[in-house]
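A.B. asks: Take these sequences, add in the hints, and give me the full structure.
Number of protein chains: 2
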Amino acid sequence: MKYSKLFGKTSYGDQSGSGMISHQLLTKGGFIRESVAGRYFFLPLGWRVQEKIKAVIKDEMDKAGAQEMISPVLHPLELWKETNRTNTAGFELMQVTDRRGGEFALGGTAEEMFVDVVRKFNLSYKDLPFNIYQFSTKFRDELRARGGLLRVREFVMKDAYSFHTDAEDFKKEYDKMAETYTKIYQRLGLETRVVKADNGYIGGEYCHEFQVEHPEGEGRFFVSEDGSYCAHEDIAEFARDEKNIGETEDEYQVVDAVRGKTMNDGVELHGKPLWQQIKNVMFADEKGNLILAVIRGDLDVNETKLKNLLKAAQLRAAEDNEIYALGSEPGFISPVGMKGKVKIVGDISLRTIKNGYTGANQKNKDALNVNLGRDFDLDLEGDIAMAEAGFLSPDGQSKLEEKRGIEVGNIFQLGYHYSNLMKDANFVDKDGQKKPYYMGCYGIGLGRTLATIVEKHHDEKGIIWPENIAPYQVHLIDINENEKAQMIYQTLIEAGVEVLWDDRSENAGRKFNDSDLLGLPIRLVVSKKTGDQIEWKKRSETQAELINLDQVLERLKQ
Amino acid sequence: MKYSKLFGKTSYGDQSGSGMISHQLLTKGGFIRESVAGRYFFLPLGWRVQEKIKAVIKDEMDKAGAQEMISPVLHPLELWKETNRTNTAGFELMQVTDRRGGEFALGGTAEEMFVDVVRKFNLSYKDLPFNIYQFSTKFRDELRARGGLLRVREFVMKDAYSFHTDAEDFKKEYDKMAETYTKIYQRLGLETRVVKADNGYIGGEYCHEFQVEHPEGEGRFFVSEDGSYCAHEDIAEFARDEKNIGETEDEYQVVDAVRGKTMNDGVELHGKPLWQQIKNVMFADEKGNLILAVIRGDLDVNETKLKNLLKAAQLRAAEDNEIYALGSEPGFISPVGMKGKVKIVGDISLRTIKNGYTGANQKNKDALNVNLGRDFDLDLEGDIAMAEAGFLSPDGQSKLEEKRGIEVGNIFQLGYHYSNLMKDANFVDKDGQKKPYYMGCYGIGLGRTLATIVEKHHDEKGIIWPENIAPYQVHLIDINENEKAQMIYQTLIEAGVEVLWDDRSENAGRKFNDSDLLGLPIRLVVSKKTGDQIEWKKRSETQAELINLDQVLERLKQ
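In order, the protein sequence lines correspond to chains A and B.
This note's numbering puts the first residue of the first sequence at 1, with every later residue one more than the last.
This note's numbering puts the first residue of the second sequence at 1, with every later residue one more than the last.
To give a feel for the contact side, a few chain B residues facing chain A, derived at Cβ under 7 Å:
| hint | residue |
| --- | --- |
| 1 | MET69 |
| 2 | SER71 |
| 3 | VAL96 |
| 4 | THR137 |
Sample of chain A residues lacking proximity to chain B, with all beta carbon distances greater than 12 Å (derived):
| hint | residue |
| --- | --- |
| 5 | THR182 |
| 6 | LYS196 |
| 7 | TYR201 |
| 8 | GLU467 |
| 9 | LYS528 |
In short, the hints are calculated from the structure, not lab data.
For glycine and all other residues, C-beta sits at the position ideal for the given N, C-alpha and C.
C.D. replies: See the structure below:
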């Protein structure tokens, strides 16, 4: 390709609103261009990179036996109604109506569509298992797009869906997909952590995210120092350290407590440790039921864990009037006497303390020596606490470290979630009975993966593409040696080398800067100075050498 | 690929609503499945075919120097407003609003988007020309989907846009694209006619469609018997045969004419030939201006030609009350005395007759011996007549034949249409002046092309895929010889052959029927009867032969 005719050249103006380096480099380098916020053109250079990423993903998916196909972009909204996902919070579904009144969702993920096409066939157990996937544009009606390609409103995703006779058969595929993903990211030059995470609006019981560590990543997860544990903050577990659990239970009493409403106000008033205070947080679920979450004072409630424990679709903080209506007082809530009025959910950390202190459901009154079992009971007990750095790992053998990362892919167990919700989503088993499929799904966002590669492979001058996804292998620069370069260009092309020739009449400085910015693996320079030879330099190294054309060809073959 | 695990097997039930054979075969064969009307899943087999078609198109586009990229699917509606295309009839644009109030069009074609990304760069004449293209999903809010993949609401299109300094440079690219398209269709096994057509809602001054002749095609066009002329019915020209133009002009007179409103009523009443009658058709344009189209009685008005001659955006038939308001009478309209009241547009055929007869702008009165120039004048004169089979070709040397075809692609001159309507759509020329780009665009619908290939390559048993786009090259069938087939399958795969092995325990008849339906180029059969040999049969031939595995490999290499 002659750079003079390439559409999408370098530009050094300030066109990038995002502070992320990948956004800046990809924009300056002419790889991408924003249309409107969160929607991007992939220019020819960027498109070549994305296509190479796609080829790696396809290669590994096909090797794993998956079959590529494609579903329509517009999904009949009825299907999303069948699974109650039109109103699910956390997923920003765009909808469109055609002029005959047909309602559609712009596909943000395609579980319903794939179940819908599969159920059109009368499948027997002999047809299972299979894993079908597509590369297609996905839409998310994000309120805030950010970070260039990292959080967008429209992107190409590889999404795969597997169908099985049972959980056991599924688990083999799940493990195979985990391996496949690891291979894919290795080939793309990304080191990933496999992070256990929450299934969220996708449904199912467990899932894993592939996270690339990055200080500005949106994902927050915890890893034990001994490396044996890794989980997203939404679900990360930890062992509760025992506090004063050995103490004898003192007499329950209510005292005057003229104080503010914060936890700290309680600590100061009573002169006791934060962990001995009992924290009470009131929530309401999607049906308006009130839930009182009770937890040790030094811990925070993790809403995702609480939601999952409750099997609620949505939670929100309760409003003050809802608390008053219970006969309680914001800032002075207590679980004592609440039985039957609200659902009381306690964190297991309550089992590590005795003689806690908390509010007394009236203004400026606190209760002391509050003990679980004696003074109040729980409707539900479980792990509803947020992990923090320094906490004990779940096995108590190590400590948790906090990490941030970019989620480049995910794999989900779906189980019977969709095949139970959707009609006729079944196969005929050996015994002649119709049974629902057991399912999983597997996603990779291509643009985000591309941007993450740039985040990880660049220096102060520009991008340093891993060889197998560079848009071209060779950046040929001539400094007033057009004819000589033409000959080399032709020779390289005939040898099947992907070469970008900067054939413009720009000065050497501009050409070198552009070359560093674009980040192709090999730079070749011909000038008066290089004589009959060619300057060879790797983008990833600083040293250049003079070699002849045969040597160039020899090295490129390797 | 083992057929037992392929998703999307054959099914012989009646699942196809369309009478088109391609729809039936593709559905029965498990290549596609309808989601809802006009929206299709491409199952793994169908997807492989579409990908091969895509690869052929990409190869030829790249060889022609075009550069692949991609634009967002959602287009900011503002861009379509910039070119006045949100209200253009004939293009059924789907629109969607995001939750921040942003308005978008679901891309049906992408002229605005490509101009928008190009104008983000400060281009100089040195950067031109270039041709950028994408494969992307397009949306059309069709009232009626029909013919399976032939007229759909969502489809993958290759759309290319070229940018030039001037008309001369553009013309080279236009010709190159015409050649490129011809090569593409040849490689895809389609014989195409290059048909001059109307630019319609795309804009610009001329275009050509690539039509594959087909009796049920939606396109209607005319070809001269000598092959020198080929044009779509919308614009097809023809030479007007001379009638009684040599006669002397008789005296104009108005007579009683108690008759119905049809042309035939006039013929019967006056006993004169249809061609001598003057036909008057009243239209209104998008602004409500009335237009009187006047034409020889044996010809019909071609609305597209009339619209183009008038440079109107839209035309509709005038209503009776609009005709009364002019002081005229439906069924008795005459151009005589209409000067200044409406715009009178005459077809050139009026120059072939004398002493015409027509209405007299009042009920039951006709005018006789009506002559252009003496009794009425035209505001505009041109070719506004519909061609018909048997008419003289434009050069008068041959006759027109009517053809029907499927439009599989098109190329458009756009000229300055978009770069004039859109702000800052310009480049800096050699003289330092900013000038608008001169443009063209070039489209191919992939699904329609695929269906057309099936229309042209099938027999009563099923599809007969051209080799280079068959989903697999070999259909291996074993009749109770699973082990032998396993060995052959492995050998073929190692030799790089694309093979589909029907490894199911179905009976021979079903396997043979499926194989004929799927239409892979080579069928290999192993059974007790074939012994150590393999039965080789081409799908396109009837004769089978027994050969050994080495010979199979040898033949497949060729």
